[in-house]
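> Listed below are the residues making up each chain.
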Amino acid sequence: MSASRLRRSTHQPSASTPSRLRPADLLALGSSGLRAKPARAILSALGIAIGVAAMVAVLGISASSQAGLNARLAALGTNLLTATVTPPTSGDPIPLPVNATDRLARLPGIEDTSAIADLPNVHVYRSSYSDPDRTGGLTVTAAELNLLDTVAGSVRAGSWLNRTTAVFPTTVLGATAAMRLGVTEPGTLVWLGGRNTTVVGILGPVPLAPELDVAALIGVPVATVEYAFTGNPTKLYQRVDDSAVEQVRPLIGPAVQPAAPAAVAVSRPSDALAAINAVDESFTGMLVGIGSIALLVGAIGVANTMVISVIERRREIGLRRALGATRRHIRLQFLTEALVLSAMGGVAGAGIGYLVTWGVALASGWPPVVPPLVLIVGAASTLVVGAVAGLYPAIRAARTPPTAALNS
Amino acid sequence: MTALIELTDVVRSYGSPPVTALAGVSLTIEEGEFVAIVGASGSGKSTLLNLIGTLDRPTAGSIRIGGLDTGTLSDAELSALRSSRIGFVFQQFHLRDGVTALENVADGLLYTGTPRGERRERARTALERVGLSHRLTHLPHQLSGGERQRVAIARAVIGDPPLLLADEPTGNLDSGSGESIVELLHSLHSMGTSIVVITHDVGLAARLPRRVAIRDGVVLSDSSSGALL
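Protein sequence lines, in the order shown, are assigned to chains A and B.
Read in order, the letters of the first sequence correspond to residues 192 to 599 in our numbering.
Read in order, the letters of the second sequence correspond to residues 31 to 259 in our numbering.
So here's chain A without its partners, still in its complex pose (with noise of 0.2 Å):
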């Protein structure tokens, strides 16, 4: 029977069946020099790993942060529209009139309007003992009693100005203010424009308008029977009808100023809110830079695995030229390997950065948000990373003459 077929071969002579190497049988060789040498490659894989690791985890923290914002935005609400005088670059600033939330109340798609008034000449201390310089930045303000509502405010402790507190010497402190002036529960007095004033409520961090914070809120009564409030607001907040928001915007300043529209200085305050996420963003950019950094490293890793792989095995690259391999068989044997090696750190360094971002996200109370782009953006630059470092190697032991396997 051999005699037949070694008649056939050399009788007829051609060119023999080409050498081939199944897919399936690549990805075993791929595999089988790290499975060799474990410790190395996990050490080697340990560099995309991390560098991948940093890009999920500053991706998903970012995103889980923003997915937080946008639920307590939700929370707030956005349609609260602020107005303030604009600061005039000549002459006196023209205040806002005395009727102006009445004004505003005609507005169509106006579904809450309240003012305050700050009292420029009036301060807080804590007692008549207090330094009558330090004023630690808090402002005394005159409030309209459905401020609160508008502004989606809430009280944490006593309670809210309401008609009776309002005439009397009684105030609402801020959270800032209550924290700077150390007072804990209502019931306390504070010294306020020359008198003893019962703080009647300690108001919570309010979001939407964190010049509430730092405020001692009375009444708009006693305001002007003991302080000389004069009715001018400073600043108006108008609850808007969600869909009308973009439309009752530019009317506000007519409404309010119609000599001088201008004059008045129409904001969204969830926009300032989303603009502080916004310079998060950019640092975020900067995180994610250096989380390719660390990616860069570790391909430089993976490289150096790889070279010194090749080097290593050069008798086993001859004996596969032998048994049949061509050139391309060797490079895609060790491009294989480079590309396992760097998946391997690809998969740990996703795994990682999720729990990173669950962590993360579940520590600071937002919902953990690792946004799919981020995965399918990561196992891309792995696989790019991988064919990047291990190109050169792959050329490299294609490059090893069949001969190695004999001389050695």
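Treat the hints as calculated values from the structure; they're not laboratory data.
The beta carbon of each residue, even a glycine, is placed where N, CA and C say it ideally should be.
Among the clues, some could well be false.
[To be verified] Residues on chain A that point at chain B, a partial pick, calculated with CB under 10 Å:
| # | residue |
| --- | --- |
| 1 | 207 |
| 2 | 209 |
| 3 | 211 |
| 4 | 219 |
| 5 | 220 |
| 6 | 222 |
| 7 | 451 |
| 8 | 507 |
| 9 | 513 |
| 10 | 515 |
| 11 | 519 |
| 12 | 520 |
Chain A is already provided as a structure; the job is to place chain B on it using the hints.
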């Protein structure tokens, strides 16, 4: 009839200035032969084996394997030639550590595109052929030197190549194991495989039908008779 191996004025030199390893060798080996290439180290016999095995290309001259002019073949075509028609046996066995004898032998068909199941099936048969059917799942370090070389021979013949090239197959073995390897090669030859053995062991060479002696890169003698060097 076409010769299995046909070398015409083959020269191989290395480096610059050139050092000549083979200085014009012409040699014809017919199919079914069992040839020993004998020479001291540095004589050029390993270079000759590399050239016959298409692992290396000559500086000048032509080499035909099974009628194919290897000088006209691309690297991929030479690889195909090796995978389908030439089996190699090395002095150092070159088995993969940590992989069973069966898997090592199955690797002989890795680059032919044979599915894994079939490779393992044929590896079992090949190991039976070399008398190692009881060592299928042993790892190389659990085998004796002679058994390792048998595994290597099984890997070389798993694809039924017409030509088997052996580089000092008994060089790393004690005389008893070496003897059994020589017997195994004889039995493979009797079943139709052409075999070329490189050795500096004159005793081994003396028992083969044909001996080609090499010295300083040229053929010193080519004897098909039973005469010693």
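> Minimum Cβ distance from residue 220 of chain A to chain B below 10 Å?
Holds, about 8 Å.
> How about residue 207 of chain A: closest beta carbon in chain B under 10 Å, or not?
Check passed: Cβ of residue 207 of chain A comes within 4 Å of chain B, closer than 10 Å.
> With a cut-off of 10 Å on the beta carbons, see whether residue 520 of chain A makes it to chain B.
6 Å, holds
> Residue 451 of chain A was flagged as interface toward chain B. Is the shortest Cβ-Cβ separation under 10 Å?
85 Å, violated
> Under 10 Å is the threshold here; is the Cβ of residue 519 of chain A close enough to any Cβ of chain B for the hint to stand?
7 Å, holds
> Closer than 10 Å between Cβ atoms is the bar; does residue 219 of chain A clear it against chain B? Give me holds or violated.
Residue 219 of chain A check passes; min Cβ-Cβ to chain B is 8 Å, inside 10 Å.
> Closer than 10 Å between Cβ atoms is the bar; does residue 507 of chain A clear it against chain B? Give me holds or violated.
7 Å, holds
> Given residue 515 of chain A as an interface hint, is the shortest Cβ-Cβ distance to chain B below 10 Å?
With Cβ-Cβ at 2 Å, under 10 Å, it holds.
> Let me know if the C-beta of residue 222 of chain A comes in closer than 10 Å to any C-beta of chain B, holds or violated.
At about 13 Å, which exceeds the 10 Å cut-off, the nearest Cβ of chain B leaves the hint on residue 222 of chain A violated.
> Is the shortest C-beta separation between residue 513 of chain A and chain B less than 10 Å?
Result: holds, 4 Å to nearest chain B Cβ.
> Given a cut of 10 Å on the nearest C-beta pair, is the interface hint for residue 209 of chain A held or broken against chain B?
Because about 5 Å separates residue 209 of chain A from the closest Cβ in chain B, which is inside the 10 Å limit, the hint holds.
> May I ask you to test the interface hint for residue 211 of chain A with respect to chain B, counting a Cβ-Cβ separation under 10 Å as satisfied?
Interface hint status for residue 211 of chain A: holds (3 Å vs cutoff 10 Å).
Against the hints set out earlier in the document, violations occur for numbers 6, 7.
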